[in-house]
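Asks: Chains as they are written, first to last, in the working numbering: chain P, 277 to 389; chain H, 277 to 389.
If you are wondering where the hints come from, they were derived from the structure by calculation, not from laboratory data. From the three backbone atoms N, C-alpha and C, an ideal C-beta is built for every residue, glycine too. Hints may contain errors.
To be verified - Far from chain P, some chain H residues (derived; all Cβ distances over 10 Å):
1) His294
2) Ile295
3) Val302
4) Met313
5) Arg324
6) Ala340
7) Ile341
8) Val355
9) Val371
10) Leu379
11) Phe385
12) Ser386
Claimed, not checked - Some chain H residues judged to face chain P by a derived CB distance under 7 Å, without partners named:
13) Ile300
14) Gln304
15) Asp305
16) Gly309
17) Val311
18) Ile323
19) Phe357
20) Ile358
21) Cys361
22) Val373
23) Gly374
24) Cys377
Claimed, not checked - Have a look at the derived ranges for each label pair, beta carbon to beta carbon:
25) H:Tyr353 to P:Gly308: 30 to 36 Å
26) P:Gly374 to H:Gly308: 33 to 39 Å
27) H:Met277 to P:Arg282: 46 to 52 Å
28) H:Pro279 to P:Trp291: 24 to 30 Å
29) H:Tyr280 to P:Lys281: 51 to 57 Å
30) P:Thr337 to H:Gly308: 31 to 37 Å
31) H:Asp288 to P:Gly308: 20 to 26 Å
32) H:Arg293 to P:Arg363: 20 to 26 Å
The lines below spell out each chain.
There are 2 protein chains.
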Amino acid sequence: MLPYKRAVEIADSLWYRHIDGTVIAVAQDHAGGDVLMVAHMNREAVIRTLTTGIVHYWSTTRRAIWMKGETSGHYQYLVDFIPDCDRDAVLLKVVQVGAACHLGTRTCFSRRG
Amino acid sequence: MLPYKRAVEIADSLWYRHIDGTVIAVAQDHAGGDVLMVAHMNREAVIRTLTTGIVHYWSTTRRAIWMKGETSGHYQYLVDFIPDCDRDAVLLKVVQVGAACHLGTRTCFSRRG
Numbered sequence: 277m278l279p280y281k282r283a284v285e286i287a288d289s290l291w292y293r294h295i296d297g298t299v300i301a302v303a304q305d306h307a308g309g310d311v312l313m314v315a316h317m318n319r320e321a322v323i324r325t326l327t328t329g330i331v332h333y334w335s336t337t338r339r340a341i342w343m344k345g346e347t348s349g350h351y352q353y354l355v356d357f358i359p360d361c362d363r364d365a366v367l368l369k370v371v372q373v374g375a376a377c378h379l380g381t382r383t384c385f386s387r388r389g
Numbered sequence: 277m278l279p280y281k282r283a284v285e286i287a288d289s290l291w292y293r294h295i296d297g298t299v300i301a302v303a304q305d306h307a308g309g310d311v312l313m314v315a316h317m318n319r320e321a322v323i324r325t326l327t328t329g330i331v332h333y334w335s336t337t338r339r340a341i342w343m344k345g346e347t348s349g350h351y352q353y354l355v356d357f358i359p360d361c362d363r364d365a366v367l368l369k370v371v372q373v374g375a376a377c378h379l380g381t382r383t384c385f386s387r388r389g
């Protein structure tokens, strides 16, 4: 968890060029390395994620900030936050509680969609 | 490598809701599990990737199909292609030749951007 000022510095260093002014976020299981899901983060979601240590996204369907697990209990605890070379995507290394996917599977990439 | 007809079936099953009519593509090293890069694929890039076994993307800056490695020699050979639960993103498991990143690092997520 970072102080607010540092979180803002990092948030302001990103390039929000995707849907609704977002970066693409890829969540990867910290231990096993499985890619769990792909979602979007706006500036506020980045700040909340970095200051709380719990991953927040921007829901492009609900057009709202969304704390992953807020209804399911399937939180993602942030272990590492790594922007890519052009800063329009971030890799989130996380500890995933339960299932990352709303279908109940561990990852969203499980050939059941 | 898939027959053209099967590649088209898979390509037509995806939801191209991102920039320029694309899906988000996450390339992951097949062996080590490192997330190498995030890019976009339109329908044609998906078909070329599945039929040739060499990963093609849609360049949102050049607005053109782009065979990864066509200038650098740093090709990505496709090992697996897994759509996510809502079919607007795909996970590409690849064998990466050389560096995935144009900065010369193995991955685009290496804190040098």
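Asks: Among the hints numbered above, which are violated by the structure, and what are their numbers in rising order?
Replies: 1, 2, 3, 4, 10, 11, 12, 15, 18, 19, 22, 23, 25, 26, 28 and 31
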